[in-house]
Amino acid sequence: MSDKLGLEEAARLLGLSEATVARWVRQGRIPALRERGRCFFVEKHLRSWAKKHHIPLKEGRPPASDPAEEERVRLSEAIRRGGVFFGVKGRTVEAVLAETVKLVPLPENFDKDSLLEHLLQREELASTGIGEGVAIPHPRAPLEGLPGKAIVTACFLEHEVDFKAIDKKPVFLVCLILCATTQLHLKILSQLSFCLRSTAFLSFLKDCRSADELIKRVEVLEDKFQTG
Amino acid sequence: MRTLFQNANDRFQLVLMGAVVGVGGGLAAVLLNRSLEELAEFFQPFWNRGYAFLLPALGAVLSTLCLTYLLKDVGGHGVPDVIYSVTRRGGLLRFRSSFSRLIACCLTIASGGSAGPEGPVVISGGSIGSNIASFFRLRDRQRVLLVGGGAAAAIASIFNAPVAGIAFSLEAILGEWTPTNLITIAVASAVGTEVSRLLQGNQIPFEGRIVGIGNLDVLACLGLVLFTSVGSVCFVRLLRGVRRVSGARIPWSWIRAGCGGLLVGLIGMVLPDVLGEGYGTIHRAIEGQYPPGLLIVGLLAAAKIVSTCLTIGTGGMGGIFAPCLVVGSFVGLFYGRILGVLFPTVHWAGEGYFALLGMAGVLSSVLQAPMTGIFLITEITGSYQVLVSVVLVSVMSVTLSHVFEPFSVYHQDLAEQGDLLRPRTDRRLLSELDIFELLETGCPRLHPEMRLREFVDIVREWGSRLFPVEDAKTGEYLGAVRADDVRSYLFNTHLYDTILVEQLIDSNTPAVSPDDALDEVMDIFEARHVSSLPVVHDRRFLGVISKTTILDRYRKELIVQEEI
Numbered sequence: 001m002s003d004k005l006g007l008e009e010a011a012r013l014l015g016l017s018e019a020t021v022a023r024w025v026r027q028g029r030i031p032a033l034r035e036r037g038r039c040f041f042v043e044k045h046l047r048s049w050a051k052k053h054h055i056p057l058k059e060g061r062p063p064a065s066d067p068a069e070e071e072r073v074r075l076s077e078a079i080r081r082g083g084v085f086f087g088v089k090g091r092t093v094e095a096v097l098a099e100t101v102k103l104v105p106l107p108e109n110f111d112k113d114s115l116l117e118h119l120l121q122r123e124e125l126a127s128t129g130i131g132e133g134v135a136i137p138h139p140r141a142p143l144e145g146l147p148g149k150a151i152v153t154a155c156f157l158e159h160e161v162d163f164k165a166i167d168k169k170p171v172f173l174v175c176l177i178l179c180a181t182t183q184l185h186l187k188i189l190s191q192l193s194f195c196l197r198s199t200a201f202l203s204f205l206k207d208c209r210s211a212d213e214l215i216k217r218v219e220v221l222e223d224k225f226q227t228g
Numbered sequence: 001m002r003t004l005f006q007n008a009n010d011r012f013q014l015v016l017m018g019a020v021v022g023v024g025g026g027l028a029a030v031l032l033n034r035s036l037e038e039l040a041e042f043f044q045p046f047w048n049r050g051y052a053f054l055l056p057a058l059g060a061v062l063s064t065l066c067l068t069y070l071l072k073d074v075g076g077h078g079v080p081d082v083i084y085s086v087t088r089r090g091g092l093l094r095f096r097s098s099f100s101r102l103i104a105c106c107l108t109i110a111s112g113g114s115a116g117p118e119g120p121v122v123i124s125g126g127s128i129g130s131n132i133a134s135f136f137r138l139r140d141r142q143r144v145l146l147v148g149g150g151a152a153a154a155i156a157s158i159f160n161a162p163v164a165g166i167a168f169s170l171e172a173i174l175g176e177w178t179p180t181n182l183i184t185i186a187v188a189s190a191v192g193t194e195v196s197r198l199l200q201g202n203q204i205p206f207e208g209r210i211v212g213i214g215n216l217d218v219l220a221c222l223g224l225v226l227f228t229s230v231g232s233v234c235f236v237r238l239l240r241g242v243r244r245v246s247g248a249r250i251p252w253s254w255i256r257a258g259c260g261g262l263l264v265g266l267i268g269m270v271l272p273d274v275l276g277e278g279y280g281t282i283h284r285a286i287e288g289q290y291p292p293g294l295l296i297v298g299l300l301a302a303a304k305i306v307s308t309c310l311t312i313g314t315g316g317m318g319g320i321f322a323p324c325l326v327v328g329s330f331v332g333l334f335y336g337r338i339l340g341v342l343f344p345t346v347h348w349a350g351e352g353y354f355a356l357l358g359m360a361g362v363l364s365s366v367l368q369a370p371m372t373g374i375f376l377i378t379e380i381t382g383s384y385q386v387l388v389s390v391v392l393v394s395v396m397s398v399t400l401s402h403v404f405e406p407f408s409v410y411h412q413d414l415a416e417q418g419d420l421l422r423p424r425t426d427r428r429l430l431s432e433l434d435i436f437e438l439l440e441t442g443c444p445r446l447h448p449e450m451r452l453r454e455f456v457d458i459v460r461e462w463g464s465r466l467f468p469v470e471d472a473k474t475g476e477y478l479g480a481v482r483a484d485d486v487r488s489y490l491f492n493t494h495l496y497d498t499i500l501v502e503q504l505i506d507s508n509t510p511a512v513s514p515d516d517a518l519d520e521v522m523d524i525f526e527a528r529h530v531s532s533l534p535v536v537h538d539r540r541f542l543g544v545i546s547k548t549t550i551l552d553r554y555r556k557e558l559i560v561q562e563e564i
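Order-wise, the sequence lines are chains G and S. All residue numbers for the first sequence refer to our numbering, where the first residue is 1 and numbers rise by one. All residue numbers for the second sequence refer to our numbering, where the first residue is 1 and numbers rise by one.
Quick caveat, the hints were computed from the structure, so don't treat them as lab data. The beta-carbon is built from N, C-alpha and C at its ideal position, and this holds for glycine as well. Mixed in with the good hints there might be a few duds.
Label pairs and their calculated CB-CB ranges [as the list claims (entries may be wrong)]:
id, chain 1, residue 1, chain 2, residue 2, range
1, G, Glu59, S, Asn215, 53 to 59 Å
2, G, Glu59, S, His537, 30 to 36 Å
3, G, Glu43, S, Arg422, 49 to 55 Å
Beyond 12 Å from chain S on every Cβ pair, some chain G residues (computed) [to be verified]:
id, residue
4, Arg23
5, Phe40
6, Arg47
7, Gly87
8, Leu120
9, Asp167
Model the full assembly from the supplied sequences, consistent with the hints where possible.
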């Protein structure tokens, strides 16, 4: 005996409203059983009926159940993987980027020279200085050989550098973002930008001296981002 | 005259054309009938010779060679080709189809092949209708009706049964009973019958043979349903099996047909009644001229099924209509004799009665066309006495065999290929719409280097929900960006200059090609939960196809198909 489905479940499976399914039952268009005034569907029969009529079934979870996936993408985790560095040297964009690339923890066989080249190319196309003294250098397209999880390396600069940012403010923090996919990149990016919208966080950044504290502050903001 | 005709009212036009097509279809049937008789007479003396068992093979080989090399037409047993043309090609049929099958089928049947002349004559009639419609520059809609009319006329003329012709055409070929369909086809059918009566005389084949049908007989005919259904399901399955096996084993069509013919010839040496189209056999079955014996008629029914499958399944040219009748008559005889053995004291209506009912049952269920069976049997007996029993047997046989074989023998191949598109069904409507008709062009093109800021401006200005991304230099299509996907960045002015359009390309959006079938495109919509898709041909973006437009056109498509 295969499973019985109620009206609600059947409607969900068929991707229709309950009212439609109820009407079809009334009109006898869909195979249904009646038990004590309530209608039921035998799943096996319903499936074969749908197949015969070329009605696609909505299997499993609806597409809106992405949060579980998003839960895994956390900026704080990415920063933990990438590391936080203070007093990074360099007076030009190129020098800063070269220094940052050296600091990124990546597999040994990864071609860091080509990474730097990609970052500079991207910088040439448009500045990654997103204002408020923060820059987020990243390659244009996901590079091959990157680990599956996002990496963000936060480098506080020794000297402020002009990144030609839109708000023309000199940059004191460089967050290098490396992701294996564009989707991941965009998710990390939106979390980062959410954090930067908080003035409290910005003023904290200016005097930030501890990696743990930075990650803690990010975690707090992240939770806000997820819920709101 | 053409202009005068083209201005006439639609239905009058169709009535007129129906009459013309009816003459053509009727003549084709008479011609086939006559030449079959002549050829059969020509072959008659050879049947006493020792090598007679080779005749069907010879006929089948000749007929296949003749069809493929001389007449250069593609094989198939006629009716499915007509149905395919009606559903997919607006009723277009080649002119040479109007005679090629007739010649090929004459060779097959007259040489002893177990097949009927109806399939070929249907394609003949249909092709005459189609070409007349094309000559008068009629549209697809009318051409389809005239193809149906030609087929109806051919069947009506060959059996002298006008209503059976109408029923056959509506049930098997057009698949839809509407007033306009009925008018055209009825006229063609009536004219076709009249042509045949003028040329061959008005004979009702089995007039007045069946008398004294009691209530018990009507009750007993329900038992016959079991036999006719089993017979027809076996028939359909065996035919499919033979076609598959022979098609897979023997690649050369004429050798395949020859092998089938040879086997038929061998069966025919033992049971000569299985050879040919079998009208004579039916006559004798109904008149009760078969020697007594239960097993012999059962064996004949089985042998007829096997030999027909060997003839048609291997590519011999001929229809399945007449063999169905022969099988049905044997099945009926068989059942009648079983009754006689089981209840010797009851006075039954006679073997002819059951033979007739068997014919109706097998024909209806093989063709999945109950009305055709009912009218054909009523008309060829010329009496309404059998009507009640024929209706019962036909309808019940169709119901029972439908459980095992949901498609008629004509439709099953088309259904397998997904080409069985009955009028006004979802698949049919979708198959008629073309992606080009639904294309929304004029979307602004994006470039991969564009910033989010520029893109937001474009989204603000344009109503579309999907934007194509093209390479700025080559114009090559790179992907598409959904307006919905930007929503999360809209208030993030920080990112306006950091995010590039290329990063927003939606990898979940496959591009469709303009040649894709619309029902497949609909499946993509469902599977991906998207409402619009980019159409790309040769790496160039052509436009967007969206569910909203499809619904709108779909509805209009339905509206114009309504008959007023």
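>> Of all the hints numbered above, which does this structure not satisfy? Sort the numbers upward.
In response: Hints 3 and 9 not satisfied by this model.
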